[in-house]
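Asks: Please take these sequences and the hints and turn them into a complete structure.
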Amino acid sequence: MLSLDRKLLRDLWRLKTQVIAIAMVMAAGVATLVLAVGAYRSLDETRETYYERYRFADIFATATRAPEWLADEIAKIPGVAAVETRIVETAILDIEGFSVPATAALVSMPEIGDQVLNRIYLRQGRTPDPAHSDEIVVNEAFAKAHGFGPGDTFHAIIDGRKRKLVIVGIALSPEYIYALGPWDLMPDDSRFAIGWLSRKAIEAAYDLDGAFSQVSVKLMRGASLDDVIERVDVLLARYGGRGAYGRKDQQSHAFLDAELKQLEAMARILPPIFLFVAAFLINMILSRLVALEREQIGLMKALGYRSLTIGMHYMKFVAAIALVGVVIGGIAGTWLGFGLTRLYGDFYHFPFLVFLWGADIYGIAVFITVGAAALGGARAVWSVVRLPPAVAMHAPAPPRYRRFLTNGWLRHISQTNIMIARHILRWPVRAGLTVFGISLSVAVLLASLFSFDSIEFMIDFTYFQADRQDATLEFTQERPVGVISDVERLPGVLAAEPVRTVAVKVRYGHVERRVPVIGKPAGTDLSRVLDTDFRPVTLPETGFAPSDALAEILGVRVGDIVEIETLQGRKRIVEMPVTAIIQGYLGLLSFMDIEAVNRLMREGPMVTGVHLAIDEAEADALFAEVKDMPMVGSIALQKKSLEKFRQTLAENISVMISVYAGLAMVIAFGVVYNSARIQLSERGRELASLRVLGFTRGEVSWILLGELAVLTLASLPLGWAIGYGVAWVTVQGLQSELYRVPLVIDRQTYAVSSLVVLGAAAISALIVRRRIDRLDLIEVLKTRE
Amino acid sequence: MAEPVFSVDDLTKVYRTGEVEVHALRGVDLDIREGEFLVLLGPSGSGKSTLLNILGGLDHATAGSVTFRGTELTTFDERALTLYRRENVGFVFQFYNLVPSLTARENVALVTEIAVNPMRPEEALEMVGLSDRLDHFPAQLSGGEQQRVAIARAIAKRPEVLFCDEPTGALDSKTGVRVLEALVAVNADLGTTTAVITHNVAIGDIAHRVVHFADGKVARIDVNETRRPASEITW
Ligand SMILES: Nc1ncnc2c1ncn2[C@@H]1O[C@H](COP(=O)(O)OP(=O)(O)O)[C@@H](O)[C@H]1O
Ligand SMILES: [Mg+2]
Chain S
1 MLSLDRKLLR DLWRLKTQVI AIAMVMAAGV ATLVLAVGAY RSLDETRETY
51 YERYRFADIF ATATRAPEWL ADEIAKIPGV AAVETRIVET AILDIEGFSV
101 PATAALVSMP EIGDQVLNRI YLRQGRTPDP AHSDEIVVNE AFAKAHGFGP
151 GDTFHAIIDG RKRKLVIVGI ALSPEYIYAL GPWDLMPDDS RFAIGWLSRK
201 AIEAAYDLDG AFSQVSVKLM RGASLDDVIE RVDVLLARYG GRGAYGRKDQ
251 QSHAFLDAEL KQLEAMARIL PPIFLFVAAF LINMILSRLV ALEREQIGLM
301 KALGYRSLTI GMHYMKFVAA IALVGVVIGG IAGTWLGFGL TRLYGDFYHF
351 PFLVFLWGAD IYGIAVFITV GAAALGGARA VWSVVRLPPA VAMHAPAPPR
401 YRRFLTNGWL RHISQTNIMI ARHILRWPVR AGLTVFGISL SVAVLLASLF
451 SFDSIEFMID FTYFQADRQD ATLEFTQERP VGVISDVERL PGVLAAEPVR
501 TVAVKVRYGH VERRVPVIGK PAGTDLSRVL DTDFRPVTLP ETGFAPSDAL
551 AEILGVRVGD IVEIETLQGR KRIVEMPVTA IIQGYLGLLS FMDIEAVNRL
601 MREGPMVTGV HLAIDEAEAD ALFAEVKDMP MVGSIALQKK SLEKFRQTLA
651 ENISVMISVY AGLAMVIAFG VVYNSARIQL SERGRELASL RVLGFTRGEV
701 SWILLGELAV LTLASLPLGW AIGYGVAWVT VQGLQSELYR VPLVIDRQTY
751 AVSSLVVLGA AAISALIVRR RIDRLDLIEV LKTRE
Chain D
786 MAEPVFSVDD LTKVYRTGEV EVHALRGVDL DIREGEFLVL LGPSGSGKST
836 LLNILGGLDH ATAGSVTFRG TELTTFDERA LTLYRRENVG FVFQFYNLVP
886 SLTARENVAL VTEIAVNPMR PEEALEMVGL SDRLDHFPAQ LSGGEQQRVA
936 IARAIAKRPE VLFCDEPTGA LDSKTGVRVL EALVAVNADL GTTTAVITHN
986 VAIGDIAHRV VHFADGKVAR IDVNETRRPA SEITW
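Read top to bottom, the protein sequences are chains S and D.
Anchor point for the first sequence: position 162 equals 162 in the numbering used here, and the numbering is continuous, going up by one each time.
Anchor point for the second sequence: position 176 equals 961 in the numbering used here, and the numbering is continuous, going up by one each time.
All the pointers check out, no bait thrown in.
Quick list of simulated restraints, FRET-style, between CB atoms:
hint: 1; chain 1: S; residue 1: A721; chain 2: D; residue 2: A865; range: 47 to 53 Å
hint: 2; chain 1: S; residue 1: P388; chain 2: D; residue 2: D917; range: 34 to 40 Å
hint: 3; chain 1: D; residue 1: T802; chain 2: S; residue 2: P272; range: 46 to 52 Å
Covered stretches of chain D, as calculated for chain S (at least 3 residues, CB under 8 Å):
hint: 4; segment: 838-847
hint: 5; segment: 870-878
hint: 6; segment: 894-908
Negatives, chain S to chain D, calculated, CB over 10 Å:
hint: 7; residue: E48
hint: 8; residue: E68
hint: 9; residue: R126
hint: 10; residue: K200
hint: 11; residue: S252
hint: 12; residue: A378
It is worth saying that the hints were derived from the structure and are not from the lab.
All values reported here derive from a predicted model rather than from experimental measurement.
Heads up, the beta-carbon is just placed ideally off N, CA and C, and yes, glycines get one too.
Replies: Structure representation (structure tokens):
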């Protein structure tokens, strides 16, 4: 082994704690990169493959009742590759031993031949036999939640009649990867089911012979999505078409997409942070090493070593750190990434998983990590190369400090504190980078933990400010308003508020959107309408109140006149003023007074659903009655839904916090520990002299650790600001028409982020403190630095 | 005669570095008297620094006893030694050991802040002839000036004893003399008991007594009937 290489190994060993601290920061960067990119690619590929193999449609549209021949018309639209019509309806389920009513989306299966689009993947059993109208295939999640297998039975209220259904198969579907029940924020497998029945059975039940209520379209490559959507809309308009939409507005796809986007964002935000910090730390440690070895470098040059050889020696030091980081990070990232992919796979019930962990991920990881390390080391190595041998043999000039305050000022500040202040000001760039580095760890925490605050805020808004009802019943079709008094008489119903929802097309200038208009009576108490300042709004007798998201898309403000076209019943176009902008986080919504909706539809007072306040003690009795009510198409249980949501959240939150706290602590520890160690190496002599003068260990430690305390404290506000910025960017990236996330960061989250970082700083300070305590007083005094 | 400030009795110091044992002190006996100016002479490695470090509370003896005004120093723990250094001892070293981020005045203030009955930093700097360099940083001072700041820093707390380990070792003759003058002046004006290590025989002439070291022991002690002023010394 060359003696230079032996020196390299000894240096690495001597500086092992620092080297490991830096390598861990790099490892965190590599791990997050490998994990996020790998999991993202794998899941994306899994989804793509799933979609492709099971022919997930590109366009979806629902109608009230469209004649079957329309399918041929749709197929003739240029760019359409395949069309499949179906009947999709919701039904209440009655499951033995499960008092809470569940809701199912019932989907028809073709009588002859296989499904053309949105094919199911049969896990067990077989498809329903058209000859037996009671045979059903259910989704796996639901079957698992109830312990169902082929042969088991449950009841469903199908178009008013209670029917016993026999499970013949258990399946998965690309259409319901993320299966959300009405009003749910998280899939609740026990309360929401997908059931596939033979078309014949469902046709008969819903009296839809020769008609369909849903159509799916697969496009040819290169076809225009918007054009086809428009032409489908035109064809369906007369049959209660509710507006065709593409995958991006298909619920399951959109939610899954948002989740994958988050992974992608993680791959873009976290690794650069870690690699930046690592580069900075490498710069610090190598500059110090070179400064200490100036004489040796000069000597080697004098002995005839080439500058390049010596430069390479130091670059190898950098490369070794990067290598350790890449190996640890690569292994950890792969392991965690596979775990995460499996976790997602389970959660979404993918029938298979494609692991796409190409060599290129590692190639990229190695490339950017070594690149960052080399950049970090470049300055120090360059100074080595440039150092003329003669100069190298002299000790560097002592650092020049500046007086930043006059004597009068300083009278009351102790000299040790002046040392701290001057030292910071003497190396402002290094102090600045240290502050920046630590602040990034605060930012990492803040930018990840804030999502819980935002979610809590949305929960509070949705379930405690706006939709405060315990349950919502939706009827299979519009009912006269008199039905409300029937509902009020049900056991356990404390209050009932009518609601009428109709589909409309709203237009302002060139922009138009298909949206539901929710009609509510004035002064509702359960389900309230709140404006963007979170104040309850009384909807005026006439006028249109879009949600803020919709208002933004249309570009309307209060007072603007919009055009509303009805999409159900008789077609009408009316102009209406915008009377309020409504706060909303989920979907594109709009509101009107229920009377105004009735007038718009030119029908008498009708309702499509009812919001309920329930007496919990009588809930079972109520549920039992609801399960037998023919007119109820679905039931949403907001409080149950919230429970489920909270439960899932609680499971995730502690994992998330510990992962991100760990990552942040790696940064904070790496920066603080390295700063302290390098300072100790630079100032050990100074500190030892003070010990000789009679300063206690505590007083001497303060000079060094006090500086770090100051820098750490200074990094907090900066970290909050950066974290807020990253959170803001994250939130912007998550905005979609389906949902928007409010940017909310609680004071508590700032506190937690700060405390974690302060904790990591304190730990590194304690470790360094032990070294300060062990300073060899005599040894330091004997030698000139 | 008054009780000595230090009584050193059969002091031994053994350094153990792995397998090797180095006997730095092999039974030193020495009394240091109140107010005297002592010069320790001897070849390199003879144990002078080791003795001074033990007397100054920087190091522990292996065996033997050292009393400071009747108190046994060898029993002191780390905390007591720190206090002892803080209150009673002033140090001057070969390489000045000033804090580079503090000015001359502030380097002195560093000590006066933690001392019980200090003089003003300006006063201390005046005693070593540096009144016109108060606000200079170490980097802006010559070696001799830096060493005089170190002396001012050592005497500012009015220590009872002043230990100087080769204070002129890094200086040329002319600047070295100015440093010695400062030390003699402090000894005369404040009565600070002073011990100066050197391997420069000429410097012995300015002392009350010269302690010759050899091989970890006191070889002999010379008493100067007449002391030469520092200004007359050259090397
Ligand atoms: N920390 C130490 N570890 C081991 N040996 C030491 C140590 N300090 C001093 N010595 C040894 O003790 C002996 C006396 O050293 P020292 O008191 O410094 O001599 P002087 O100051 O007279 O030159 C020398 O042999 C030296 O090598
Ligand atoms: Mg010595």
